Each structure stands twice: as structure tokens, then as C-alpha cells.
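Enquirer: Chain V is fixed; fit chain B onto it per the hints.
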Amino acid sequence: MEPPDVVPTAKTIDEELLERIAAGDSGALGELYDTYGRIVFAVIYRMLASPEAAEEVVQNVFHAVWRRASGYQRERGAVRTWLLSISRNAAIDWRRTRGKRLEREVELDAAAALRGDSSVEETVLLTLRAERVRDAVRTLPADQRDVLALAFWGGLTQTEIAERTGTPLGTVKSRVRLGMEKLRERLKEAS
Amino acid sequence: MSVHPTDDLAAFSIGALDAPEAHRVEAHLVSCASCRSEVASFAEVAWGIAELAPQAAPGAALRARVVKQGSPRTVPEVSAAPRASLLDGLRRIFDLRVPLAVPMALVLLLAVSLAGLGSARADANAYARAVAGVADGNVVTLAATPGSEARGSLVIPASGEPYLILKLRAPPAGKTWAAWVMRGQQPLAAGISGDRSGVVTLVLSQPLRPGDSVAVTLEDAGGVPAPRGAVVLQGRT
Chain V
1 MEPPDVVPTA
11 KTIDEELLER
21 IAAGDSGALG
31 ELYDTYGRIV
41 FAVIYRMLAS
51 PEAAEEVVQN
61 VFHAVWRRAS
71 GYQRERGAVR
81 TWLLSISRNA
91 AIDWRRTRGK
101 RLEREVELDA
111 AAALRGDSSV
121 EETVLLTLRA
131 ERVRDAVRTL
141 PADQRDVLAL
151 AFWGGLTQTE
161 IAERTGTPLG
171 TVKSRVRLGM
181 EKLRERLKEA
191 S
Chain B
1 MSVHPTDDLA
11 AFSIGALDAP
21 EAHRVEAHLV
31 SCASCRSEVA
41 SFAEVAWGIA
51 ELAPQAAPGA
61 ALRARVVKQG
71 SPRTVPEVSA
81 APRASLLDGL
91 RRIFDLRVPL
101 AVPMALVLLL
111 AVSLAGLGSA
121 RADANAYARA
131 VAGVADGNVV
141 TLAATPGSEA
151 RGSLVIPASG
161 EPYLILKLRA
171 PPAGKTWAAW
181 VMRGQQPLAA
191 GISGDRSGVV
201 TLVLSQPLRP
211 GDSVAVTLED
221 AGGVPAPRGA
231 VVLQGRT
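Chains as they are written, first to last, in the working numbering: chain V, 1 to 191; chain B, 1 to 237.
Next comes chain V alone, as it looks inside the complex:
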């Protein structure tokens, strides 16, 4: 039997912002940018390795938010995760259409942010949550960490990861699933 749909709860501040955006309030778009613009930029910059490209894509992301705010579905996740999904997709699209030359450079370095390299440590935003995530990531087996890094930062699909690493597709799928499940479990424990 299917569980009931998510029990309606009070709107979050982000959801109210999105409603205002859907209603045509450009000030709300600015507020959403103030809240998440920096992390959106950081993620896209991490994926594209070019500040100019990252700014262009961030602009596209918020343009998409402006156009698609009414399509947000809260039962699929929080506003911030919806925004993250749009951001990563926009960066992946940009790389596939305009940023081929960056691909190799980014992929070679893709795992660093999930390994907790010291160079990353020095520059990362040191929030408590980020520390928890990093601790959780450190406990993952290296093969799971690497496929998650290639998928998340490299923007590769499981099939592409299998082809590029010479790993059977089924193995890649298992590693992605197990890695994400373990991260979820450990983040739950940590919180």
C-alpha cells in the first residue's frame, strides 16, 4: 500500500519566496539570490572551473527559476534542492554544449572535493553541516566516493562513468546507490 502523500505543512520561507516569484515579484528573485546565489555559484564554478562561465550559468539558473517557479513541487524536495537540481543541470548543459574543452580538466580534479584534500579544506565553507558531510564522505569506500564525485561534480551519467573508467555499468550503479544510501544514513546519525 502506498503511504499517504506528504502531510501538508506550513510553507517555508523559501516556498513563500517562490510563490512571490511565480506571481511576478522580481524583488523575491533578488531575495532568493541573496540566500542561495553564493552556493549556486560555488557549485557551478566547481563544475565549470571558469568564473565567467559560472556567472553566465548562474544568471541562466535564476532566469529559469523566474520562468518556472510555478512548477515547483514541494513533495519532490525543498526549494533549495530544486534550485540545486536546476543549477547542476544548467552547468552540465553548458559543458556539453560549450565547455567541452573544460571537461577533462574538471573530471581529473573531480574527486578532490569529496576526498577532503587539504587544498579543498583550506578554501571550503566551514559550516558545521559541511563538516558533517565531509566526515560522512570520508567514511565511504574510495570507489563509492569516486563515482559520486564523477557524477556530482563531473556531471557524468552512470553509463558515462562506466565507459570512462572501464568499470561494468552494474558496478557503477551499485556504487552510486550504496554511496548515497550510506551518506544519507550517516548524515541522519550525525544530526
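Just so you know, the hints here were simulated from the structure itself, not pulled from any lab data. From a predicted model like this one, the values you see are computed outputs, not experimental measurements. Honestly, I wouldn't trust all of these hints.
As the list claims (entries may be wrong) - Residues from chain B that face chain V, not an exhaustive set, calculated with beta carbons under 10 Å:
no. : residue
1   : L29
2   : V39
3   : V203
The beta-carbon is built from N, C-alpha and C at its ideal position, and this holds for glycine as well.
Expert: For chain B alone, coordinates are given in the frame of chain V:
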């Protein structure tokens, strides 16, 4: 209810599925609360990973460029214009919701509800205005099945993803309008309109290639992996 794509949900939440797998999951999520909940929880893990991105700040001028994008764009006037208040309402609706640059992946639905306006005439006017308001790109008029009152246009913008502007009646209970990209003999699910009627803007969740066809069919609301219902609109790129 289709089989739960449990093993694919984690990969789906970080965009690691190939397009056909991702669209199968999308179709399933429409009707499966437990899988939606699972995706939402993996999405939080993805957010946690995102927070590991090395700190970096965009230029200060970016905020102004972002906010500027929120300014409504102009919709051209048409002759037989509705009265001013209605015209203003329509203009605002279409200014806000006609999509431009959008990325791949999620099934994206931007619906324009004209229920308050009521009449088929209002829908027809709204449809004409939406098509006339396309700022750039090619517009392909979709052929309607004889007897159908549906109207549709495929818009292929100069940049961004293609989308449909559809004028549809409300689907029967338990049904939905579904868009498909037909690549040769292979149908690719490209989005659903839910139970909305009137003028609907539907961004195709599949990229278009030269020679692809587009079709709109009436399907079970739970989502189907391939078209089974009656075709009401179709056209070729």
C-alpha cells in the same frame, strides 16, 4: 502503479541516470508518493555534497543582472483585443510563464490556468496571444486529429529548450495529456499536462533532433512508458 524504480532513485537525485531512465523515473514519480519522498531525502544528501564546494563568490554585478531578468517582457498587441483588464491579466500571465532557457532533466510543467475566464473564445484568444508572443525561434503548428478541438504549436527557441503551447480541454477523470518526442519508431516521454485545461505551456523534457516528431496523446494519469491513447496533436520538426 508501475514497479518502483528503487535502485535508480539515488542516481536520479544527482542526475546520474541516462535520459530514458530518468524519464521513466519521472513518469513513475507523478503517481508515487513513497518514491517522491525517497527522492526528496536523497536530494538533501545532494545538497550536503553541494555545501562541500570550495568557497567562491560571484562578482557583485551579478545580482543586478539576475534581478533584472525578473522584469516582464513585452507581449505584442493583437487586434481583436479583449477589454483592458483581461488583456492586462493575459499579458502578465504570459510574461511570467512562457519559458526561455531551461536545462534538461526534470519534467517541467508551467501551466496557464484560464479557468477564471471560462469560455472557449477566451482560450482561443489566449492561445493566439501565446503563439504571437513567442519572442524568437521557430514555431511549428501541430496538426489536430479531426474532430478534436485541441490546438497546439511547437516552439523551438533560438536558445533554450523547445516547448509546446497547447489549448486543450480538461482530460477525463484519471487521464492526462502526455507529450511525446517520436524518434524514428521510438517514443520518448516528454512531459504531461496533469489535469489542467485551457492554454498550457509544456517544456519538452526531451531534446529535439532533426526529423523528430512530436505528439500529444490522452493517457492514464499515472504515466505510461509509451503512448497507448489517442493522438490528438502531432507535428514534425
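Enquirer: Now tell me, hint by hint, if it's right for this structure.
Expert: These are the hints, each one checked on the structure:
Given the 10 Å rule on beta carbons, the hint for L29 of chain B holds: about 7 Å separates it from the nearest Cβ of chain V. Below 10 Å, beta-carbon pairs count as interface contacts, and V39 of chain B has one with chain V at about 6 Å; its hint therefore holds. This hint holds: V203 of chain B has a C-beta 8 Å from the nearest C-beta of chain V, less than the 10 Å allowed.
The structure fails none of the hints (numbered hints given earlier).
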